[in-house]
Amino acid sequence: MNAQNDNTLSSKTGEAWGAFFNDSDLSWCIPDQIESDDITRFAHSAWIQRLLNLIKLPISKPVHVLEAGCGTAMYSLSLATLGFNINIDAFDYNPGALVFAYKLMEKMDLVDVKARVHLGIGNLLSIEADTDTYDLVFNQAVLEYFVDETERQQALTEMVRVTKPGGWVAVITQHTAHPFTHFWQLLGWKGYTNQPAVTPTNPQRLRDEFSALGLQRIAVDGINPWKAFFFYPAWYKHWRITTQMVYLLGRFLERFVPLPQRLQAYLAIQIIVVGQKL
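Position one of the sequence shown corresponds to residue 30 (this note's numbering), numbered consecutively onward.
25 Å max Cα-Cα, derived BS3-like pairs, lysine-lysine:
1) K90 with K193
2) K85 with K193
3) K143 with K132
4) K256 with K266
5) K143 with K85
6) K90 with K143
Here are the simulated distance ranges between beta carbons:
7) T272 with A75: 16 to 22 Å
8) D161 with G279: 37 to 43 Å
9) Q245 with D66: 37 to 43 Å
10) G125 with S89: 35 to 41 Å
11) Q78 with W264: 28 to 34 Å
12) S240 with T272: 39 to 45 Å
13) P208 with D159: 40 to 46 Å
14) Q245 with L277: 35 to 41 Å
15) A75 with H147: 25 to 31 Å
16) D177 with H267: 37 to 43 Å
17) Q290 with S74: 14 to 20 Å
18) P194 with F49: 33 to 39 Å
19) P91 with L215: 50 to 56 Å
No lab work stands behind these hints, which were simulated from the structure alone. The beta-carbon is built from N, C-alpha and C at its ideal position, and this holds for glycine as well.
Could you build all of it, start to finish, from the sequences and the hints given here?
Here it is as structure tokens:
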């Protein structure tokens, strides 16, 4: 990859996440508790499958993908297990996250998965890649942390720049402007805690941002919309039996009571938006 911009540019978002990562107990991601089978199963999760259904990557020719802000690289490693003729570059601003990513990679039983995923340090504000390089550029739980609007727009612009004409840009974010947020706050939930600050993000804002970037064939969808109805207070987590019951109820509703796509995005815990660069 060749740098097209000033790769010494610092990122306020990256620095905030780096400080949080170093000072916090990230109990939600412990490499020693994640096995190769977990990564393979994640490839069939709603997150990965919803992304692939929206962009429809070709399976008959080589595909070049960039995960621009990979964290522990769970997404990149999962994509690499699916049998595509795929090569993935994945970078993160935070060296500590990449330590986790390398630990997960070493657990992969499939040698070709390790060969397909290339990890490194990088900056979303100044991606070290030529213009028009990738068939897909994506990230998950990254954009909402760009509370500085100038940085947010620069990050999105860079993602579009390195995407090939005909390629796709995709973003998955927390629904930080969820319509139930006020209700959750009244019940005592103060918002997304134990993480850096986030900016209010909803489906319409993401659609508007992608449109302003000149992307076409924009689609917005949601992940886990039914979970919003028992997201907080999580009373059911006090007992194992109720935790299992709520999990099974969520799976049942997702499968047998599908919501219209617009309503699904409106209620979803996480939002996915894709757009094609023409």
